[in-house]
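So the chains spell out like this:
2 protein chains.
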Amino acid sequence: MKQKRYNVAVVGATGAVGTEMLRVLAEHRFPVKGIRLLASARSAGKRIPFNGSTHTVEALSGRSFTGIDVALFSAGAGRSLEFAPEAVRRGALVVDNSSAFRMHEEVPLVVPEVNPHALRRHEGIIANPNCSTILLLLPLAPLHRAAGIKRIVVSTYQSVSGAGAKAMYQLWKETKDAMGRLGPLARWPVGPFPSNRLTGSTGKTGQPVLPAQIAFNVIPQVDAFLENRSTKEEMKMIHETRKILEAPDLPVSATCVRVPVFVAHSEAVWVETERPLSVADARRILRTSPGVRVVDKPAAGGYPLPLDAAGQDDVLVGRIRKDESVRNGLVLWVSGDNLRKGAATNAVQIAELLFGGEVAKWRGGKVRKASW
Amino acid sequence: MKQKRYNVAVVGATGAVGTEMLRVLAEHRFPVKGIRLLASARSAGKRIPFNGSTHTVEALSGRSFTGIDVALFSAGAGRSLEFAPEAVRRGALVVDNSSAFRMHEEVPLVVPEVNPHALRRHEGIIANPNCSTILLLLPLAPLHRAAGIKRIVVSTYQSVSGAGAKAMYQLWKETKDAMGRLGPLARWPVGPFPSNRLTGSTGKTGQPVLPAQIAFNVIPQVDAFLENRSTKEEMKMIHETRKILEAPDLPVSATCVRVPVFVAHSEAVWVETERPLSVADARRILRTSPGVRVVDKPAAGGYPLPLDAAGQDDVLVGRIRKDESVRNGLVLWVSGDNLRKGAATNAVQIAELLFGGEVAKWRGGKVRKASW
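Which chain is which? The protein sequence lines are A and B, in order.
Using the numbering used here, the letters of the first sequence map in sequence onto residues 12 to 383.
Using the numbering used here, the letters of the second sequence map in sequence onto residues 12 to 383.
Excised from the complex, chain A in its bound form (with noise of 0.2 angstroms):
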């Protein structure tokens, strides 16, 4: 039998989630029939290879869309408030990375490990959740059904990705100056040791779109200050998690940090269950959970990095221990790419759920009324 294939859309696909997205297609062999490659007036004309060929980026407009069957959208909420309803008019399903339409009552925010039954109702959109709050649910949805969770503290360690490429390149620049400043350091390990601070040169990376010097330093903002004294990153840690683990009331707290790394974020998670777990409970449920590998042999150096889970669809968690400061509580490490399963894998495994017949079909559905 002939697979189906399908004309897809990649919406910012200069980016670095859009880059990742082009990968995972290729890698999961997505059924692709012919690709489009969207993004701002600045980068159209250039040209990107994909699955063998080399594809020209066109600037994105309303009839982009045109016998798309599926636009992957990361390129910022305002370009997915704007265009991501025609697209929709025009007979495509969108899969949105921004935050646009998340937390939107008739749209889907859906990790497919996690909820997959939410994509059984939608309007065209579906929302793929913030990074962090994918790579979080992947290990705490399944300890969530097996004791419920009736709290969640976390602190991020996140990699300038999630920033997007100019932050990438504002962490390569600042770290080229930095080191340029400190000289070859011959006379270590006896001083003078190096200061973090890269004096007067952070006007020189062009553009910096992070809020602080990035390289030898960590900066407790991710995302833009709310009227709480909260960022809104920390703030769609909470109410995501609320919407997806459809607990509406569960407490939630997240202090959001980027840290001088390239890709992949982290994060320091205590959770409080209702019903007791133990640890080796919690293990055991961990390495049979979709989208998880467990990582946890600490004094031998078995632990989640970064490092290790760039490039990877899984999310590594480890250091799984009694949180002995609290009834009933637990304590975890998680490392994932934020590009890969917190962004682009998680869509395209959505592309890959609507269109694979375990939900109702799309395309000949009818829209219902959309209200964006």
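Be a bit skeptical, because a hint or two may be false.
Since the list gives no way to pick one copy over another, a pair counts as held whenever it fits inside one copy or between any two copies.
[Said to hold, decoys possible] Simulated pairs of lysine to any residue, SDA-like, Cα-Cα distance not exceeding 20 angstroms:
no.: 1; residue 1: 161; residue 2: 338
no.: 2; residue 1: 161; residue 2: 336
no.: 3; residue 1: 333; residue 2: 159
no.: 4; residue 1: 308; residue 2: 222
no.: 5; residue 1: 161; residue 2: 337
Think of the hints as simulated: they come from the structure by calculation, not from any bench.
Nothing here was measured: the structure is a model prediction, and the numbers come from that model.
Starting from the structure of chain A, add chain B where the hints point.
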């Protein structure tokens, strides 16, 4: 009135903390009569400047302490165990930065701003707490006095200098190698994007002292693992916090992580208090707490960064906000210089207190039955 001056020995004078101790002694105008720089035989003969003249490093032995009034130890627990009691027998007062004596019942474990009264009884050795513990307690002790802390959860972002000068060299060398491999990246921000991984080059860094590559990576291991699957560093934070706050059963949970920063540790902190404490009250208390500087205008980029904390004695505290996930919860973000307030400054401050007349004089006093 002529100020009394003292003969000072710095043990581990060529290390990351030792170097900083010399700087702090000079900056604080500690009344130094003579200085004796002690280190391993390997470093003996090196010449190091202090207060305008150059001093020769001597090999550490028991005889090194004859005529010494105060010995600042920062050469690892093994050296402290071997030589601190001998220094005391020869009449020196020891301020020990290692973990050797911290939990010893007869040894005060002191943060001068928090528990100076603990200095009243000692037997010649005063222990300097772990750097992460000092930085945590500077802001938490005044909140504890105000509202009674009943649980602490903390995750750390620790700089490589906490593992000594060789770890600083490891970060520098690995970064240099990685940048060489990454090349000019002229094609950015269109991929290929750099990997975090420094393939096969870790072996070139001489002797890496950290358990994994630290350049463009984070490592959820600081110090060795114990039976209970926590690290020594994590257990130090728990036990030392309890001893200093005189709260032997205080629930504390910590995850300690190394990040690619040269100097200054940061910490994401959650506290629950017995009595309600508003964010405004917490901020007001911290503003008048010694050793603490509140940096908390987040929307304007006002939050603690290791970059800003490095080289300072004050611990920076910001991102002070309500933890909505629990009753009476607060969240904080802390950055402090682990070599200065986390080690050298705290040790010198202890010596200043001891010789400043605020506590009973040691010289001329009697050593009670020393049990080491």
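Against the structure, the hints come out as follows:
no.	hint	result
1	161 <-> 338	both (11 angstroms within a copy, 13 angstroms between copies)
2	161 <-> 336	both (15 angstroms within a copy, 10 angstroms between copies)
3	333 <-> 159	within (16 angstroms within a copy, 24 angstroms between copies)
4	308 <-> 222	between (37 angstroms within a copy, 13 angstroms between copies)
5	161 <-> 337	both (12 angstroms within a copy, 10 angstroms between copies)
In this structure, every one of the numbered hints holds.
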